[in-house]
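Novice: Sequence:
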Amino acid sequence: MSKKRKTPSDGNVIKIGDKTISLEGYLTKKPREQAAEPAPEQDPVAKDAQTKGQPSTSLPSDAGKVEHRTNSSLSKHLAGDPQYFATRQALPLWTRQDDIRRILRTKDVLVLVGETGSGKSTQVPQFLYQEKWCQRRRVKIKAGESSQEVGVGGMIAITQPRRVAATTLAHRVSREVGTPLTGQKDGRGGSRPAWKGLVGYSVRFDHRVPPGTRIKFLTEGMLLQEMLRDPYLRQYSAVIIDEIHERSVDVDLLSGFLKQIISGDKAGRGGIPLKVVIMSATANVESITKFFSDTKSGDSTSGPSSEAASKTGVECLKIEGRQFPVDIVHTPEPVPEIDQALVKLVFKIHSKEALSDKHGRKDILAFLTGQEEIEAVQRLIEEHASTLAPNLPKIKVFPLFGQLSIEAQQEAFQPVKGGFTRKVVLATNIAETSVTVPGVRYVIDCGKAKVKEFRPRLGMESLLAKPIAKSSAIQRAGRAGREGPGKCFRLYTKETYETLQTTSLPEILRTDILSAILTMKARGIDDVLSFPLMDPPGLESVEKALVHLHILGALDDDASITETGRKMMLFPVTPPYARVLLAAAEQQYDCLLETIDIISCITSGEDIFLHLRSEEEKEAVEEHRKELFRREGDILTYLTTMQLYTAENADRTRWCRDRKINFRNMKQAMNIRKQLRQLCAREGLMELPPPDPQPFTPTSPEKAELILKCFLRGFALKTALLAPDSSYVTSAGKHTVQIHPSSVLHGRKVEAIMYLEYVYTQKNYAKKVSAIQAVWIAEVLNE
DNA sequence: GAGCACTGC
Numbered sequence: 001m002s003k004k005r006k007t008p009s010d011g012n013v014i015k016i017g018d019k020t021i022s023l024e025g026y027l028t029k030k031p032r033e034q035a036a037e038p039a040p041e042q043d044p045v046a047k048d049a050q051t052k053g054q055p056s057t058s059l060p061s062d063a064g065k066v067e068h069r070t071n072s073s074l075s076k077h078l079a080g081d082p083q084y085f086a087t088r089q090a091l092p093l094w095t096r097q098d099d100i101r102r103i104l105r106t107k108d109v110l111v112l113v114g115e116t117g118s119g120k121s122t123q124v125p126q127f128l129y130q131e132k133w134c135q136r137r138r139v140k141i142k143a144g145e146s147s148q149e150v151g152v153g154g155m156i157a158i159t160q161p162r163r164v165a166a167t168t169l170a171h172r173v174s175r176e177v178g179t180p181l182t183g184q185k186d187g188r189g190g191s192r193p194a195w196k197g198l199v200g201y202s203v204r205f206d207h208r209v210p211p212g213t214r215i216k217f218l219t220e221g222m223l224l225q226e227m228l229r230d231p232y233l234r235q236y237s238a239v240i241i242d243e244i245h246e247r248s249v250d251v252d253l254l255s256g257f258l259k260q261i262i263s264g265d266k267a268g269r270g271g272i273p274l275k276v277v278i279m280s281a282t283a284n285v286e287s288i289t290k291f292f293s294d295t296k297s298g299d300s301t302s303g304p305s306s307e308a309a310s311k312t313g314v315e316c317l318k319i320e321g322r323q324f325p326v327d328i329v330h331t332p333e334p335v336p337e338i339d340q341a342l343v344k345l346v347f348k349i350h351s352k353e354a355l356s357d358k359h360g361r362k363d364i365l366a367f368l369t370g371q372e373e374i375e376a377v378q379r380l381i382e383e384h385a386s387t388l389a390p391n392l393p394k395i396k397v398f399p400l401f402g403q404l405s406i407e408a409q410q411e412a413f414q415p416v417k418g419g420f421t422r423k424v425v426l427a428t429n430i431a432e433t434s435v436t437v438p439g440v441r442y443v444i445d446c447g448k449a450k451v452k453e454f455r456p457r458l459g460m461e462s463l464l465a466k467p468i469a470k471s472s473a474i475q476r477a478g479r480a481g482r483e484g485p486g487k488c489f490r491l492y493t494k495e496t497y498e499t500l501q502t503t504s505l506p507e508i509l510r511t512d513i514l515s516a517i518l519t520m521k522a523r524g525i526d527d528v529l530s531f532p533l534m535d536p537p538g539l540e541s542v543e544k545a546l547v548h549l550h551i552l553g554a555l556d557d558d559a560s561i562t563e564t565g566r567k568m569m570l571f572p573v574t575p576p577y578a579r580v581l582l583a584a585a586e587q588q589y590d591c592l593l594e595t596i597d598i599i600s601c602i603t604s605g606e607d608i609f610l611h612l613r614s615e616e617e618k619e620a621v622e623e624h625r626k627e628l629f630r631r632e633g634d635i636l637t638y639l640t641t642m643q644l645y646t647a648e649n650a651d652r653t654r655w656c657r658d659r660k661i662n663f664r665n666m667k668q669a670m671n672i673r674k675q676l677r678q679l680c681a682r683e684g685l686m687e688l689p690p691p692d693p694q695p696f697t698p699t700s701p702e703k704a705e706l707i708l709k710c711f712l713r714g715f716a717l718k719t720a721l722l723a724p725d726s727s728y729v730t731s732a733g734k735h736t737v738q739i740h741p742s743s744v745l746h747g748r749k750v751e752a753i754m755y756l757e758y759v760y761t762q763k764n765y766a767k768k769v770s771a772i773q774a775v776w777i778a779e780v781l782n783e
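Sequential numbering of the first sequence, starting at 1, is according to the UniProt record's numbering.
Worth double-checking, as some hints may not be accurate.
Restraint ranges, calculated between C-beta atoms of paired labels, are given here [claimed, not checked]:
1) D558 with R457: 17 to 27 Å
2) R229 with G144: 11 to 21 Å
3) K667 with S434: 11 to 21 Å
4) N391 with L464: 42 to 52 Å
I should point out that these hints are in silico values taken from the structure, not numbers from a laboratory. Note that beta-carbon positions come from the ideal geometry of N, C-alpha and C, so glycine has one too.
Working from the sequences, and respecting the hints, build out all of it.
Specialist: Put into structure tokens, the structure is as follows:
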């Protein structure tokens with residue numbers, strides 16, 4: 001047994017190998033100053049105004065003056081495109097537009113509940129951008145001794161949890177207002193756009209913000225990113241948070257920062273308030289409303305006086321949706337065998353209910369927990385379907401889950417070929433939020449979903465099927481009423497439904513908050529425990545994250561952010577990966593290009609290697625895959641895969657097909673790779689390499705060792721040693737782990753392993769595993 | 001011998 005192992009913590013110290021890390025001082029720190037105040041030199045807006053040599057004329061700094069923009073090409077569009085007028089007028093929201101405008105003229109925060117189909121995402125920004133408070137103003141802002149004039153406001157930001165939503169909504173709204181959506185298509189370096197437009201969007205890898213943009217759709221993460229450079233959001237007059245009920249970590253952080261801005265003294269915005277519209281599709285908004293109303297509940301953000309806080313008004317508005325009624329049917333008794341019950345129900349619906357009516361097709365959408373269950377049910381339905389009487393309509397099954405290829409996913413959205421056929425879509429939670437399947441009038445809800453949860457005490461995640469929340473059950477049922485009256489069959493009793501939680505646990509309470517804490521620290525939040533959050537994570541999660549960040553070198557002994565921590569923030573990856581990238585740039589390792597390839601691959605989505613089910617499939621790809629696999633483990637295998645993929649010049653689609661590699665993820669990996677390469681080059685960590693394709697040279701064993709040591713700099717805690725009984729025992733917690741079957745190291749015994757993921761499903765699984773030497777762990781930790 | 005869904009200058 002090795003002694004390089006974490007000793008049981010006494011609560012105040014953590015010991016790994018020879019290194020002892022004290023927890024003291026992490027959680028007792030008092031807030032230094034007002035947390036929302038960033039250092040003046042971090043403010044690029046002010047810097048920008050300086051370098052442009054803005055004349056500092058003496059204007060009243062409290063109210064500011066409206067900046068008149070000559071944009072005559074836009075003025076004729078202000079009424080919007082008449083082509084869409086009738087459709088817009090028919091939306092439930094249309095008659096409430098005056099209410100919305102009236103509320104925001106006096107209040108800073110509007111909480112808007114709008115069910116699916118109310119049109120809130122497209123209409124609310126259009127109702128607001130011509131408001132007087134939405135004009136850009138020039139104001140004087142104090143910067144140390146002197147003051148400078150800057151522009152504040154003018155744009156409305158509207159956030160979305162997903163990239164596709166942000167871009168498609170932007171396209172839709174730009175058509176409605178009648179201005180083109182142009183601009184830099186791919187980051188920087190593009191030519192000046194020729195057209196002005198009112199609508200733009202900004203998501204990772206894709207930015208279109210025409211000059212004159214007043215309405216800008218962004219992902220939540222993108223707005224957080226903008227806040228690092230523009231902490232007061234001076235570009236914007238209003239921020240609209242859409243789909244807040246999904247409660248991503250990003251939206252929770254954004255809400256905290258927004259609360260600080262609206263309840264602070266507004267000096268950073270030259271006295272100009274930021275309006276906030278919170279939009280939710282579920283009615284459960286009491287806690288959210290309370291969060292934005294309550295500005296003195298012990299957080300350090302309400303500013304020097306309560307005067308500012310008392311002016312912050314919050315009003316709530318509810319808009320009915322445009323849904324058809326949905327009949328909800330519970331089972332009278334609990335269902336012991338979900339798969340069997342579901343198949344029976346599908347055929348009952350199929351034989352009793354018409355194939356279509358005046359509203360259109362009447363297809364079935366069933367919510368299941370995962371790929372395996374979906375494939376099992378698909379087999380059962382297909383078996384039974386072949387025995388159907390010839391006079392009955394046919395039945396065709398379409399699986400729908402994230403790992404499916406684009407083409408296979410799209411099949412589920414197309415009308416089924418052959419008129420006399422009913423479509424049955426078997427989906428995971430993907431159909432609850434991310435995609436809409438058209439034609440659905442029957443929903444079957446198994447009442448469960450797989451959720452990933454982080455266990456801070458164990459330092460591991462679990463992925464297990466759990467009962468959904470009421471809000472999810474309602475959301476799922478609603479999928480039956482988009483196109484006509486529908487029915488939802490719940491495979492659980494009414495009593496069971498009543499026992500469900502009202503809302504799902506927000507992500508911030510069930511995930512590793514490492515990135516979230518580092519984001520706060522980088523934004524100048526010293527006392528992370530007093531940062532306003534709708535659902536603050538437990539002390540143990542915060543403590544674990546702080547210690548982990550300390551081990552990564554992102555935080556000092558006094559828990560303040562280090563230079564390394566700031567550099568880590570540059571990369572759109574989790575802190576451990578960011579640490580690996582920084583290590584790889586050091587001269588002793590010198591393997592930045594390789595680690596970029598590997599991290600691009602890993603962070604592009606689920607595993608790039610598709611799961612092979614049948615023996616035939618395995619045989620068909622075995623020869624091809626063999627040249628990718630490396631004895632050192634998965635990290636080197638990813639590297640080889642990426643290198644061979646980029647060396648492939650003829651047909652990359654086919655290359656992926658032959659090897660059963662997820663082409664979509666590979667394309668995403670290439671985007672990430674390009675982005676990381678540009679970031680590293682800009683930071684002076686390396687020179688930009690020659691463009692692809694480059695000839696493939698296998699990585700030498702010596703280089704492989706350096707790469708693995710680099711990864712240890714980020715993943716020293718995720719290591720395990722081979723025990724005498726041939727099991728692997730983790731160095732951090734003395735748990736027994738198994739190498740996941742998807743790893744190239746599965747079934748092999750090596751003296752020590754490093755893994756990038758640690759997930760409990762059916763067992764404690766180490767995933768993305770590499771073979772290492774035990775001595776490397778201490779070696780790397782003591783650097 | 002096995003994988004819910006997203007995101008990021």
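Novice: All hints are to be evaluated individually against the structure, with a verdict given for each.
Specialist: Verification of the hints:
1. D558 with R457: 17 to 27 Å: holds (25 Å)
2. R229 with G144: 11 to 21 Å: Because 19 Å falls inside the window, the suggested range holds.
3. K667 with S434: 11 to 21 Å: Distance hint for K667, S434 holds at roughly 18 Å.
4. N391 with L464: 42 to 52 Å: Holds, at about 44 Å.
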